[in-house]
Amino acid sequence: MEFEMDTYKSEIKPTWCPGCGDFAVLRSLQTAVHALQLEPWNVVIVSGIGCSSNLPHFLSTYGFHSIHGRAVPIAEGIKLANPELNVLVTGGDGDGYGIGVGHFIHAMRRNFDITYLVMNNQIYGLTTGQASPTSEMGMKTKSTPIEGVIENPIDPISLALASGATYVARCFSGDVKTMAELVKGGIQHKGFALIDCLSPCVTYNKINTYDFFRERVYDLAKEGHDPSDMKAAFARAIEWPATQRDRIPLGLFYRNPKVPTYEDLEIAFRKGPPVKQPLGVENPDELMAEFL
Amino acid sequence: MFKGEFPTPEDRMGGISMAKNDLALRVGGAAGDGVSSTAESFAKISARSGLHTWTYSSYQSVIRGGHVWTQVRGGLEPLLSHGGDPDVVLCLNQQTMDVHQADVLEGGAIIYDVDGVKPDSTKVRKGVRLLGIPLRKKAQTLSPNALMRNTVALGAAVHLFDMDFRHVESAFKDIWGDKKPEIAEQNLKAAQLGAEAVKAMGGSLQLGLKYSNEPKYLMTGNEAISLGALAAGVKFLAQYPMTPASSILHWMAVHGPKYGVVVKQVEDELAAMNMTVGAGFAGVRAMTATSGGGFSLMVEAIGQAGMTETPLVAILVQRSGPSTGLPTKTEQGDLNLALGAGQGDWPRAILAPRNPEECFRLTAQAFNLAEIYQTPIIVMSDLYLGEGFRTVEKFDFNVPIVRGMMATDGGVGNAKEYKRYQITDSGVSPRALPGTKGFQHVAATDEHMESSELISDVLSGLPEFVEERRKMHEKRMRKLEGLRKDTPPPEMWGSKNADLTLIVWGSTWGAAHEAIREVEAQDGVKVNSLEFPTIFPFHADATQKLLRGVKQSLAVEGNYTGQFSRLLRAETGYKPDHFYGRYDGEPFASRDIADKILEVVA
Chain G
1084 MEFEMDTYKS
1094 EIKPTWCPGC
1104 GDFAVLRSLQ
1114 TAVHALQLEP
1124 WNVVIVSGIG
1134 CSSNLPHFLS
1144 TYGFHSIHGR
1154 AVPIAEGIKL
1164 ANPELNVLVT
1174 GGDGDGYGIG
1184 VGHFIHAMRR
1194 NFDITYLVMN
1204 NQIYGLTTGQ
1214 ASPTSEMGMK
1224 TKSTPIEGVI
1234 ENPIDPISLA
1244 LASGATYVAR
1254 CFSGDVKTMA
1264 ELVKGGIQHK
1274 GFALIDCLSP
1284 CVTYNKINTY
1294 DFFRERVYDL
1304 AKEGHDPSDM
1314 KAAFARAIEW
1324 PATQRDRIPL
1334 GLFYRNPKVP
1344 TYEDLEIAFR
1354 KGPPVKQPLG
1364 VENPDELMAE
1374 FL
Chain S
13 MFKGEFPTPE
23 DRMGGISMAK
33 NDLALRVGGA
43 AGDGVSSTAE
53 SFAKISARSG
63 LHTWTYSSYQ
73 SVIRGGHVWT
83 QVRGGLEPLL
93 SHGGDPDVVL
103 CLNQQTMDVH
113 QADVLEGGAI
123 IYDVDGVKPD
133 STKVRKGVRL
143 LGIPLRKKAQ
153 TLSPNALMRN
163 TVALGAAVHL
173 FDMDFRHVES
183 AFKDIWGDKK
193 PEIAEQNLKA
203 AQLGAEAVKA
213 MGGSLQLGLK
223 YSNEPKYLMT
233 GNEAISLGAL
243 AAGVKFLAQY
253 PMTPASSILH
263 WMAVHGPKYG
273 VVVKQVEDEL
283 AAMNMTVGAG
293 FAGVRAMTAT
303 SGGGFSLMVE
313 AIGQAGMTET
323 PLVAILVQRS
333 GPSTGLPTKT
343 EQGDLNLALG
353 AGQGDWPRAI
363 LAPRNPEECF
373 RLTAQAFNLA
383 EIYQTPIIVM
393 SDLYLGEGFR
403 TVEKFDFNVP
413 IVRGMMATDG
423 GVGNAKEYKR
433 YQITDSGVSP
443 RALPGTKGFQ
453 HVAATDEHME
463 SSELISDVLS
473 GLPEFVEERR
483 KMHEKRMRKL
493 EGLRKDTPPP
503 EMWGSKNADL
513 TLIVWGSTWG
523 AAHEAIREVE
533 AQDGVKVNSL
543 EFPTIFPFHA
553 DATQKLLRGV
563 KQSLAVEGNY
573 TGQFSRLLRA
583 ETGYKPDHFY
593 GRYDGEPFAS
603 RDIADKILEV
613 VA
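Chain order of the listed sequences is G and S. Numbering-wise, the first sequence is residues 1084 to 1375 according to my numbering. Numbering-wise, the second sequence is residues 13 to 614 according to my numbering.
Hints are computed from structural coordinates only; laboratory data are not their basis. Some hints here could point you the wrong way.
[What the hints assert, rightly or not] Mimicking DSBU-like on lysine-lysine, the simulated pairs with C-alpha atoms at most 35 Å apart in a straight line are:
#, chain 1, residue 1, chain 2, residue 2
1, G, K1354, S, K449
2, G, K1354, S, K406
3, G, K1341, S, K449
4, G, K1096, S, K428
5, S, K431, S, K406
6, S, K428, G, K1092
7, G, K1096, S, K449
Predicted model, so just to flag it, every value in this text is computed and none were measured.
Bound-form chain S, shown alone:
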């Protein structure tokens, strides 16, 4: 069986030093003000300037109004989070000024429309430049479109950071393209007006960052999952819109058909999962994607796939629960849901990518695991990873494609003797796809014999069939042994003989590593981290080996009850010494983890 390759954390850590080698822009306003498009343009400009780039959007469940902001961080070295306080805040309304003016770093700047927004100079840090620019008035010298004021502000920011204006031009070309070149041109002029205004108000921030101007790939975790699915040959996606998984549907709806992928928005998540089961049964690589609420609706159907031994991949992009919760906020609270989805025991694997590269690789691997073991594979991400933009290295699309045992493979058997649920040592029985002559069978959700004839109706309870049921159930569950072998093991990253070991899974990885860098450099504390790209089947032996040298541990999870910590304890008997849970909707900040580390080791 193949093994996927995993980026080692060291690969991504590079040589981050504590000197100023990054920048951060925060754009804020009301929903409908164009915050995200302005921030996305800046993220693109940052990536094209050659910066490693990372974004985080704090938004709300509203189409107009409210308060939303996006932070774009760019760095000369690989980044691990969207960072803390920004160098520049771009205020599209008064509330943004009120909320964020105190966060701007010393020597930074606040860009705002002098007609309507007022800073409070007593609240800003020293040396912060208050750049009141008549954004709207300047924009209206070019066009009546009020949103162009964002472009004026964007141009001001680009100049503050001394970035090359050709990236502004290319970003606008991407947006308006060949269809509306005059609008791209107009926006470029608006951006130049912003830059000129800054020049007249003291010029750039002089951060001294040396841009390579070698463009980097910029994408969200959801896009990386979609690319991983395409690389693995997905041919079917059924999905019901739900934040923060919807962008998988959107991206696939645009790109899927070109690759022969059926992309279907359906009436509800019950239909999404059941259609995916049908498609998987019929022989295509099939997936669905949702968040916790939708996944809750899918649990009966995903258990059905476990019982009928139907391959499929389910993407679970978590958001804050319970119930509808905070639809636009992040959390890692759905682990128990994924572990326990469906009545009865059935074999599953749960993979939890830490970054976009793993979103790509683990999703591609999930399709192989699903077909090799003929059972659902769950890939768990979250809003922070799914919707945030990150720069990535070029993906290697040459992923292995392993479709598992088919009845028609040479020597496996012949049609007359074909038993769909043949009992085997691996628990895997050769599949036959509808349309294959002579291998007709019925996939059955009731308990069944090897032939798929039901045990449930007139045979259950008879001594012979008590035994038959036991054998069939054990056959299915034996797949867990293979799944454990074929899924990536836990990893210990960082210093040997550390004073403290962090225990993390999923997107928490980045902030945890950054916190470790901080405390090791500034406080001389040695910290490492134990990480789990595979949640289930749990790699208990490997974990126990890694735990042997652990002096003291701190589990960091985005939930209240320590869902992963409880799994760890159940599987190994090991109880983390300390627990840091975050469940306020915000992603972990490295500073907070660093503070917690210092508190624990003090």
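Extracted from the complex, chain G is given alone in its bound form:
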């Protein structure tokens, strides 16, 4: 192999709390890009704001650590300028399912060839413990101290299925090996891949802990789920959090490689990547003639 595992690591040490679920996501991502032997200079990792959004600094690829909730459109812009790059987005549930949820939905319906890892810890960590869009009903946080959360949580899996994502998976920081496989599958997939990573916050979320998940998760593949079946995927998706909290499905819910990507359909790409096109206008007289 040309690139060692360490090739993908930067000199910057993660600033996460000891035990944070995000370490597993970082490790999985590193494992996946290593397994695929991606050239680090042809990978761009875009993030927003939040604990998890510091991730690009810890790898040796290109990165864009953007503003809160806008990582997805930044990634789309990068992809539209240079479709030859491998573009990934990493961020948290507040970033992707809260402030940035509009972009998230539109990116999925466009089926951009982008892989999105959401480190979902069901809490706002960096702002020290407020409710997030995936916090469970009744959860007491700094911003919901009396009666707890009184809103239904976002269900990212159903949302992704309904919005047109063509690779939809959920994984858990307690199982790096499976997570790395799902991330690798997402990168290889041509189209929008959402990977919802259950990534416990050991500091601010005392409910959805490693133990909480270990007691509840099960593997979709082992129960014979067929990821090419969208109806079955929806049926599995609504198991949690929509209808119960005792069993939480993990693994690949849905994959459809046959849907054309945005890049396949973009008319300007017929000339090749825009970043490689010559600048200026060769036939100005022809252009000006339209105004005569």
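Fit chain S to the known structure of chain G by using the hints.
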């Protein structure tokens, strides 16, 4: 560093005399009546007759109904505004008659459908001919399509102005082309019916204009901006529809792909600006366009581009605010927004073209500035300039393209030691584009070191990093010095030793110059004007030099608070003696500025 060339106002002023050497047609009706297409056809006919042409559309935020009108002015000499009262009004409904009949100049005419529209002869000026023509009935002798009545009326107008009918034919060919030649043919016949009706009712107005019939280029400011962007090699446009910027999206959607430009309508202006940032980071010349409301949504993201040192161009075509305001009306009320967009200080340039030629040149220049200084450049226009049609001289597409310092340029550095945010005297650090082997880095919106490692998280406040932050912030802000050198300086136009100096920016230029011509010729008052193609970084020294000879000044701006006047005062200490603000949605009329001048110098 290069300097763009700017058309001197003298170039465009030519020798306008006060004799009748122009014409104006006003077309009015309800939205959906075909007002704008009729007026646009006439504008094309005017430009092809060899007239300098200028249009202004007064329309409303409605698809059907309401009252809309467009004025098309044509002149033998270069024009500076859409003019005042028209020679001919073409009424497509009664309301147009009611609103505009009194405006028609002596010796002019009103064209209307005698079946349904009635003039009030007590309200029109003397010698105005009331040409009631059965427009619809005539049209229906050719086709059941009721909109052909506009064509009958258009033909009547063309005949009133003694214009060559071959331009009518060519205009229709452009619209219906090879695909529907029979419709073009039918419309030509309808226009001829209109002309014949006028012949039978006393013939043309006999204005005596000598048409050269040498066609001129006719376009809007928004089209000129789009052309400037193409000339500079734009490869990415993300935009959310918003009047009056939408026509940039429309034009680019048609023409962009041919030049390898990705044109993307997105879910909102947050996405538009962020995608533009992403595209700029990835190495293409990227732009977005919007009006004030959309720009308000972009402010966090444009500040992000300032912080991450990402090149991009933002086009801000102003309309009347605040909030949704008057979506189809003009204003210059977004200057404070552009100056203050984004939290914290970050280096930006704001350019304000005065006319389509400057829309073209300054937009092209904006892309160079954006890449040389790796920061957003804002080009500010407004509805009056953006949507109005103007004739222009042929653009020179051979614009300089300067892409700024790249890490891979010879001798700049090597991959191992590469620091994306290297501190330099100019404040500019060499860029490396994703895909470049060995120069990997993270663009960071948090405060960072030269390497792009964050200061914000575990280092801020430590003495060494207090210093680091200060240095990094100063590095970014140093770009303003270069931007000031590379942007066009203010210009003083007109008489030396003037009694009064106008202070204007953006599209107000035209009406201001026309007003100066008027008062100098008719009232013997000497007036000049101080103009600012660059709003920011402010050229304070150059401005102060130009202000030295100013006896008295009148700032003319399309807003209430004098946003530019306040900037001028903040930067130079100079307070204009008088202020004329317009914020009723209408563009400045030269007559109004002339009246204000006379009031001030009286």
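Structure-based check of each hint:
Restraint check: the Cα-Cα separation between G:K1354 and S:K449 comes to about 24 Å, which is no more than 35 Å; the hinted pair holds. A distance of roughly 28 Å separates the Cα atoms of G:K1354 and S:K406; the hinted pair therefore holds under the 35 Å criterion. Of the pairs offered as hints, the one joining G:K1341 and S:K449 holds, with about 32 Å between alpha carbons and a cut-off of 35 Å not exceeded. Taken as a hint, the G:K1096 and S:K428 pair is honoured in the structure, with Cα atoms around 19 Å apart against an allowance of 35 Å.
For the proposed pair S:K431 and S:K406, the alpha carbon gap of about 44 Å is over 35 Å, so the pair is violated. Between S:K428 and G:K1092 the CA atoms are separated by roughly 15 Å; this keeps the pair inside 35 Å, and the hint holds. For the suggested pair G:K1096 and S:K449, the alpha carbons sit about 23 Å apart, so the restraint of at most 35 Å is met.
When each numbered hint is compared with the structure, a violation occurs for hint 5 only.
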